[in-house]
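Q: The chain contents come next:
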Amino acid sequence: MSAAAPGARPVPAPDPAERPALPAVPEAEVDLGVRLGPLELEHPLVDASGTFDAVEYARRSRGDFFAAFPYAAYVPKTVTVEPRAGNPPPRVTETAAGMINAIGLANPGVEAWLGSLSELGALRQPMIVSVGGNAPEHYAAVVRAVEAWAAGRAGARPAVGGYELNVSCPNLSGGRLIGAEPAATAEVVAAVRAETGRPVFTKLTPNVTDVLPVAAAALGAGSTGLALVNTFKALVLEPKSLRPFLGNRTGGLCGPAIKPIALRMVAEVAAAFPAVPLVGMGGVVCGLDALEFIACGATAVAVGAANFRGVEAPRRILDELRRELAVRGFGGANEARGVALAGA
Amino acid sequence: MSAAAPGARPVPAPDPAERPALPAVPEAEVDLGVRLGPLELEHPLVDASGTFDAVEYARRSRGDFFAAFPYAAYVPKTVTVEPRAGNPPPRVTETAAGMINAIGLANPGVEAWLGSLSELGALRQPMIVSVGGNAPEHYAAVVRAVEAWAAGRAGARPAVGGYELNVSCPNLSGGRLIGAEPAATAEVVAAVRAETGRPVFTKLTPNVTDVLPVAAAALGAGSTGLALVNTFKALVLEPKSLRPFLGNRTGGLCGPAIKPIALRMVAEVAAAFPAVPLVGMGGVVCGLDALEFIACGATAVAVGAANFRGVEAPRRILDELRRELAVRGFGGANEARGVALAGA
Amino acid sequence: MTAGDSAHEGHGEHWAETVACRVVAAHPFGAFAAVEVVAPAIAAAAAPGQFVMVTVPAPGFFLRRPLSLFTVRDDRVGLLVEDRGPGSRELARVAVGETLELAGPLGTPFPVEGVTSGLLVGGGIGCAPLQYLADELRRRGALVTAAFGFRDLRQARAAAAFDIERLWLATEDGSVGRPGTVVDLLAGVDAAPNTVVYTCGPLAMVAAVQRWAHEARLGGYASLEAHMACGTGSCHGCVVATTEGYLRVCSEGPVFALDTVVAP
Amino acid sequence: MTAGDSAHEGHGEHWAETVACRVVAAHPFGAFAAVEVVAPAIAAAAAPGQFVMVTVPAPGFFLRRPLSLFTVRDDRVGLLVEDRGPGSRELARVAVGETLELAGPLGTPFPVEGVTSGLLVGGGIGCAPLQYLADELRRRGALVTAAFGFRDLRQARAAAAFDIERLWLATEDGSVGRPGTVVDLLAGVDAAPNTVVYTCGPLAMVAAVQRWAHEARLGGYASLEAHMACGTGSCHGCVVATTEGYLRVCSEGPVFALDTVVAP
Ligand SMILES: Cc1cc2nc3c(=O)[nH]c(=O)nc-3n(C[C@H](O)[C@H](O)[C@H](O)COP(=O)(O)OP(=O)(O)OC[C@H]3O[C@@H](n4cnc5c(N)ncnc54)[C@H](O)[C@@H]3O)c2cc1C
Ligand SMILES: Cc1cc2nc3c(=O)[nH]c(=O)nc-3n(C[C@H](O)[C@H](O)[C@H](O)COP(=O)(O)OP(=O)(O)OC[C@H]3O[C@@H](n4cnc5c(N)ncnc54)[C@H](O)[C@@H]3O)c2cc1C
Ligand SMILES: Cc1cc2nc3c(=O)[nH]c(=O)nc-3n(C[C@H](O)[C@H](O)[C@H](O)COP(=O)(O)O)c2cc1C
Ligand SMILES: Cc1cc2nc3c(=O)[nH]c(=O)nc-3n(C[C@H](O)[C@H](O)[C@H](O)COP(=O)(O)O)c2cc1C
Ligand code: FES
Ligand code: FES
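Residue numbers (my numbering), protein chains in the order written: chain V, 1 to 344; chain C, 1 to 344; chain H, 1 to 264; chain U, 1 to 264.
Just chain V, same shape as in the assembly (with noise of 0.2 Å):
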């Protein structure tokens, strides 16, 4: 016996009539250029901090990767004043509808990476330098080298368009969570704001009771926008031996399982600073993703751990965000920005 009911009728002939309605808007009108404070962005994707790094993939593929360069902007791991050599391992591994890490910045310290951006003299795009630290001086430190490095580099490539001062590295072992504190968070955007000009992105960590006493002490003292979130400290246990599984322990955890948590923080944010360009993040894996984050107030949508799901995952989001853009019959990235808050 079939499912079918006995004696059902024919099935209608295929009409090849039958397709999708047609896009409100056609794709190819579909304006992505989004003005991040006083950065212009050809489209809103950048890469977040940690996830994707340019001077392996120029090593790698070398020039032609520049010419198709996925990202509006380079965000290249923190960079701390001496070298890290980061946590013992493990350091990362999968979790449900995610991962978590537990890398501890490890980086060769801002002369040695400021010597590795010569590998970047084909990029296009400015490079928002992600700088680490544990106290206000370290964070200055960077910056002074990166400002000495670029005087007099005017024009040339790669740009240094502004900062994103990470304040929430869960990873950090023995140091206080600067984020988690409105005064440490403001001496840190202070201690920087001294030695720039540039536009400063403060990074938040989603690891506090309340964001918007950090976000205020941030923008009082003088950071252009806001950028979050970081990784949620989190625990992953070794099945067999019911110890922690990372190196250090614990580590920050990323991915889909995030993203109503990162979306609900950046729609926080974006209702009490409506002027205050923002990057949001957490989860993003396809277009749609994206297009959330911009309806909760970002300006532009940093993608992270989606990149470790394959090199073309910024490409084809970005195709799926101008199609996800075109179906809602929006024209471009700024009209869909904040659609979500209204009535908050």
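If you're looking for bench data, these hints aren't it; they were derived computationally from the structure. Accuracy of the hints is not assured; some may be wrong.
Stated by the list, open to error - Looking from chain H toward chain U, a few residues come up when the C-beta cut is under 8 Å (computed):
no.	residue
1	Pro-57
2	Ala-58
3	Ala-226
As the list claims (entries may be wrong) - Away from chain U, derived, C-beta distances all over 10 Å, residues of chain H:
no.	residue
4	Val-38
5	Pro-111
6	Glu-113
7	Ser-117
8	Leu-185
9	Pro-202
10	Ala-207
11	Trp-212
12	Ala-216
13	Thr-243
14	Pro-264
By construction, the Cβ of each residue, glycine as well, lies at the ideal position given by its N, Cα and C atoms.
Model the placement of chains C, H and U with the ligands on the given structure of chain V, informed by the hints.
A: Same frame as chain V, now just chains C, H and U with the ligands:
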């Protein structure tokens, strides 16, 4: 051409002795019993408030249900003094490896709720009554009503084993989150402590910078133990309109997505308060998940959204927990408690 | 006020338990797939209007999906699945020989006792429970008339999966049957006064049917949809507004008396 | 100090791009499955010791899985997958006609230039890259000897998937070959001084091979495993401790000079 290299040697013949290594402890000998403060539980699993309605089950499946009651204690949905209609729909939807809810503590109010307990006359397990409200008086009033109901019912079923104080529901509009403030939490605990001599478990929110001061305040005010975590405040958009999907705009995220964060918090609290009985929860869907919470210091483990994946979920999780203990050579649940914490 | 409050309860300790069921038929019908599984316990306990919670047969889906009983014949349960999202897509593409996990039957059935004439009004996938209802009414000797509305031809292909003799169709794009909605179809209907209206579909359609039935002085029942978590009355996630306040679609519904539905 | 630093780079703008590859063979070997896919670009660029990042062909897996190149013949790439967890289980059960998404080849190859005698020491799934290495050494006229260690018979069945003439086996449970570990096998080996040792397996085994090679005054290379996120050098997630500090297995490895490995 086959993927096997040409000329590959013949496969060794199957060996009847080829089976997994014997468990270090026979499953039948694993002792699942635990003491949650003064409560003797036949095993570590309880239901998470709001995810398992014993009255509803009893109505549908009649007496047989109580003979095979899957939990070692019954935690009903949070009850408040006055009836609450709850939030406008939609109230739930799926997320990546989890779900979001904004029920809004819908409940008939403590008096009507006490009336419904007559249907649980065959419940052998103790009830841990989950209490909610916006102010200490509300919590005290609920506990007072329950104590009045229980007075003179000594030995009758269902028995009130204790209380869980829900100071952590993220879905109460307008209200501050009591559990985010140590002092406010202590006031609620103290108000309840004045009404009852039974054990009290304060249910903590993960939406805080540091869970330890809240835990300390609850314990200082007389909380017998702690339960954690409640859900994470989060936002899901309706994909077509990009407007908040839930009737309440935001909701609470739970399920496997949050397990790594929940484990980290339970481990933190267990390390800080090793003698305090803890109920761990957040994303438990299998026996290994439950064992991980025990390894992080929980005495009991609550099963929440996993109840929505099948009524047999708790029985299966318990069977799996027994097996996971056995294969690791644990003679009982107590032996596994805290093994992830050593050296923390 | 809610239909069938105490009927079909008390299935003993196995209430709502998950059963692994072998797929014995699977046929595509445009945007839909008709899937039949062997499920003797569910078939034995079921009544039209009830539903099952179905585990999506792929990793990565946290919640089960509610699906109406489309047909129940002997020990077999038929489902009609519309590909509306990632989970229903997985469900719509199961193949014969595979296994689906079902829990049920759940919820309140359509009352049929003493009904001599039923008018079945369905919209889109809301038509699914009406086949089983039609079978039951027919078995009881009642006259069955159905009016189904679909969006477009792709949806309307589902009509071929139904076996209802007096079945009128409307499509919004005019590709099959009368152009317009199912409510436009009703405008032409002159129902006998003893007719009971049974409707299932989007809330806006149900509200329109409610208005039409009110004017035609007909009583009836509506089966409503809601996003569900548990499907078994525990979570209070699936409520809809009714004249009695918020009621749970999974346990106090999905079938409600038509006049208790509150239009959005 | 790391092997093949600049070899096999510069695959142009398509470096590490994901390619959908048709599965043309899939054979179980105990706990393993040998899977062959059509992947011309990867096959053309590959060298022994390199690996691919493979998307798990099921929803619900966030990261890709690193798998060594087991064989490369014409336009086909062979993988040997051990069912060690939920992701590798999905990979081990792909069927002919299905599609696997691969990115690669990635990482540093085993240096083979001028080698006349290779001793290939593998443990468990660590044997996988050694077939391709053996093929390449043989092609170059070198003498190839292999010593493989497996835990039990279920693992040892994988030996049947290999085509290496001089292949010695050890199993820890004594079910096949010499009872004991692969290091016990080495104890009986009297290798010519020009022999290059190539090893791949758990770090503890690699460390034991390193000690043995040191005593036997033999040089060589080790391929190491690490949990990976990106597989392409971006995340610094896959580091191992070496005499040069932490190095990334995915980009500075997986092949390292044997004497740079730091035992745990
Ligand atoms: C009582 C009842 C009976 C139903 N009967 C049928 C039927 O016979 N055939 C059929 O094809 N569909 C039926 N539906 C609707 C069906 O459950 C949804 O289409 C399906 O859940 C969509 O899942 P998805 O993963 O494809 O979509 P997604 O939108 O990706 O699903 C995300 C979440 O939302 C829920 N959801 C999404 N749409 C709906 C919806 N319209 N109603 C309820 N939950 C939704 C899903 O269950 C899931 O939890 C019924 C719904 C209810 C409440
Ligand atoms: C360079 C390299 C080459 C490899 N070659 C092969 C091969 O040819 N055949 C084969 O079967 N296996 C190989 N492995 C190991 C293989 O990647 C793991 O067995 C697999 O990732 C396990 O995934 P899972 O989902 O089954 O396990 P789970 O433990 O559930 O995986 C969870 C996470 O841990 C990672 N993971 C788990 N075990 C390992 C491991 N041993 N090494 C690295 N990551 C791990 C997974 O990638 C995933 O991100 C190789 C690993 C590396 C680093
Ligand atoms: C492996 C890894 C390394 C990271 N390193 C940094 C870092 O150096 N600096 C920083 O600000 N954030 C770092 N992050 C956080 C990401 O930039 C991002 O905030 C977070 O991963 C959330 O986005 P996602 O869910 O898209 O990954 C890192 C994340 C990952 C996964
Ligand atoms: C639908 C739903 C309703 C809930 N209602 C309550 C409640 O009334 N009181 C409470 O303390 N927690 C409530 N919770 C939170 C759970 O008890 C639990 O803390 C949380 O879901 C985390 O566990 P899980 O990931 O296993 O679901 C609810 C959760 C869900 C999903
Ligand atoms: S879906 Fe849980 S109460 Fe209806
Ligand atoms: S896996 Fe990312 S750097 Fe190696």
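Q: In ascending order, which of the hints set out earlier in this document are inconsistent with the structure?
A: 1, 3
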